[in-house]
Amino acid sequence: MLHIDTLTKRFGDKTAVDAANITIDRPSMIGIIGRSGAGKSTLLRMINRLTDATDGTITFDGEEITALRGAAKRDWQSRCAMIFQQFNLVPRMDVVSNVLHGTLNKRSTLATMFNLYPQADIHKAIEILDRLGIAEQAPKRAEALSGGQQQRVAIARALMQDPKIILADEPIASLDPMNAQVVMHSLRTIHEEDGRMVIANLHTLDTARRYCDRVIGMRDGRIVFDGTPAQLTTGVARDIYGAGADFSEAATSTEIETLDRPGIREAEAYV
Amino acid sequence: MSDATLGVVPQSVDTIQSSYMAQVQRRRLYGGLTLLIFFVLMVSGFNIADGRNAGGFWDGLHQIGDYPADVLSEAWEKRAALPGLIAKYFPALVETINIAAVSTLIGAIGGLFLSLLGTRGLAKWPRIIPLFRRLSDVMRAVPEIVIALVLIFVLGGGPVPAMIAIAIHTAGALGKLFSEVAENADLKPVEGLASTGANWSQRMLLGVLPQVAPNYVSYSLLRFEINIRASAILGFVGAGGLGYELRNAMAWGPGRFDEAAAIFILLFATIVFFDQVSSHYRNRLTEGQGQ
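In order, the protein sequences belong to chains L and E.
Position one of the first sequence corresponds to residue 1 (the UniProt record's numbering), numbered consecutively onward.
Position one of the second sequence corresponds to residue 1 (the UniProt record's numbering), numbered consecutively onward.
Derived by calculation from the structure, the hints in this document are not laboratory data.
Among these hints, one or two may not hold up.
[Stated by the list, open to error] Partner residues aside, some chain L positions facing chain E, computed with beta carbon under 10 Å:
no.	residue
1	Leu-50
2	Asp-52
3	Phe-60
4	Val-96
5	Leu-110
6	Leu-116
7	Tyr-117
8	His-123
9	Ala-125
10	Glu-127
11	Leu-129
12	Asp-130
13	Ala-135
14	Glu-136
15	Ala-138
Every residue, glycine too, gets a C-beta built ideally from N, C-alpha and C.
Take the sequences, apply the hints, and build the full model.
Printed below as a string of structure tokens:
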């Protein structure tokens with residue numbers, strides 16, 4: 001399905017993504033981990049074409065995504081939804097309007113200007129909101145919602161696009177643990193029930209382990225790990241994050257039981 | 001429990017859908033009405049204005065290019081004389097720029113005092129802040145050309161009345177912009193200086209000005225561009241400079257259009273030049289500074 005071949009992105013003399021190769025054969029839920037600056041966001045932004053690649057290609061179902069221009073590029077973006085860390089909703093517009101923005105690729109500017117969305121789309125938007133458990137918030141302004149609710153509105157906008165792929169760039173990094181769980185659970189459900197591919201940048205190992213079928217580790221722009229969560233051992237994780245003297249998996253984990261393992265820290269300091 | 005919620009949910013989604021649809025319909029109705037009223041007012045307003053117009057808009061529309069065409073064709077015929085004419089009017093251009101520069105400088109100093117005296121938290125006499133604010137309102141409310149006409153009547157024609165007129169307007173306009181910047185200035189350094197026994201002007205000079213200087217200079221440069229245009233226009237009412245020459249060249253009609261064209265070229269080139277220079281420095285002041 002999705003085939004990424006020696007994809008490279010350079011900003012000036014800095015290489016953000018260095019010859020990344022990824023092949024995904026069937027819709028699955030994929031987590032990308034790595035420390036900040038490892039190139040995770042740049043990779044996702046290149047798949048959505050928010051950022052242009054310097055080198056290499058992305059192919060989806062035989063279509064070369066990196067070569068698309070203009071209307072064809074926007075059409076691809078409508079098939080490849082994106083969810084952001086800071087939600088990126090229009091704060092002063094109501095929740096349903098924000099969800100309806102998922103259909104913008106099919107609408108003319110004039111129809112958008114006069115808010116002329118078809119009734120069927122409005123009903124569908126509210127049904128999606130209901131599926132995510134926030135239908136009561138429909139008429140409220142997006143800025144009036146909590147972070148977790150806003151992220152679910154963003155997911156609803158993504159679903160409104162009816163995409164083949166959902167890209168999630170640190171979807172839970174600005175949420176508290178409870179909301180993070182709700183959001184990750186929603187993404188997992190969307191993957192399982194609708195059969196959509198989900199690619200998520202995650203900053204905690206345990207989230208990647210719990211929700212993803214496949215984990216990709218990036219370090220300094222290179223892909224250094226690609227395998228199942230079971231293969232992701234502490235040693236591998238240390239490689240991904242670059243084993244500093246004070247690194248341990250506990251440092252990136254949000255699970256409570258890791259707090260009870262003080263031994264890890266000292267042991268790894270000597271490795 | 002879960003059965004109960006499952007039974008309730010579809011019904012509540014229906015209610016949400018219909019109430020939201022009602023809201024959308026209402027919004028569309030209001031939007032449509034507003035648009036309709038807007039168009040009715042625009043069309044009727046245009047017709048009234050057109051009816052009162054001496055020549056009529058539609059009758060005059062096709063003649064709109066006639067005058068520029070005359071000027072351009074005549075200037076093209078006498079194009080050999082253009083460099084000489086540009087050289088001839090260059091001193092007038094310098095006069096125009098001088099008027100703009102001096103009035104910007106004086107206006108900026110006036111605006112500085114008006115702003116510091118009219119900003120809450122900084123003012124030397126907090127009680128008469130409204131006085132300074134109204135003063136700057138009045139100074140920028142009266143158009144330059146009105147002040148210039150009065151002053152030309154009193155002082156006679158020449159660059160000095162124009163300079164005073166533009167300076168007054170500039171002080172009022174910059175006083176407003178400066179005080180908005182000063183309102184956002186951090187008061188902690190001012191407090192620190194006050195604790196050492198510094199007087200008001202020392203506090204302003206050392207505590208406030210370093211913070212606001214980039215913005216002040218940027219606004220002053222913007223004002224300088226505006227003042228070049230203003231001083232060219234004031235020439236039309238007898239204040240000297242390029243505007244005065246332009247009015248003469250245009251009023252004498254065909255035969256001197258080459259001079260009008262030369263002045264237009266000078267004015268246009270000057271405005272573009274100072275726009276570019278000042279926007280370059282304004283960008284450097286607001287963004288760069290090599291941080």
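How about L:Glu-136: closest beta carbon in chain E under 10 Å, or not? It holds, given that the least Cβ distance between L:Glu-136 and chain E is near 7 Å, below 10 Å.
Interface restraint verdict for L:Leu-50 against chain E (beta-carbon cut-off 10 Å): With Cβ-Cβ at 24 Å, over 10 Å, it is violated.
L:Leu-129 as chain E interface residue, shortest Cβ-Cβ below 10 Å: 8 Å, holds
Can the hint on L:Ala-125 be confirmed by a CB-to-CB distance to chain E that is less than 10 Å? 9 Å, holds
Given L:Asp-130 was flagged as interface, is its beta-carbon under 10 Å from a beta-carbon of chain E? 5 Å, holds
Does L:Ala-135 pass the interface check with chain E, least Cβ-Cβ distance below 10 Å? Result: holds, 5 Å to nearest chain E Cβ.
Holds or violated: L:Leu-116 as interface residue toward chain E, Cβ cutoff 10 Å? 7 Å, holds
For the hint on L:Tyr-117, does the least C-beta distance to chain E fall short of 10 Å? 8 Å, holds
Agreement of hint L:Glu-127 with chain E interface, Cβ distance less than 10 Å: Hint on L:Glu-127: holds, closest Cβ of chain E at ~6 Å, below 10 Å.
Hint check, L:Val-96 versus chain E [nearest Cβ-Cβ separation less than 10 Å]: 6 Å, holds
Status of the hint placing L:His-123 at chain E (closest C-beta pair under 10 Å): 5 Å, holds
Hey, does the L:Asp-52 contact hint survive, CB to chain E under 10 Å? L:Asp-52 check fails; min Cβ-Cβ to chain E is 25 Å, beyond 10 Å.
Checked against the numbered hints given earlier, the structure breaks hints 1, 2, 3 and 5 and satisfies all the rest.
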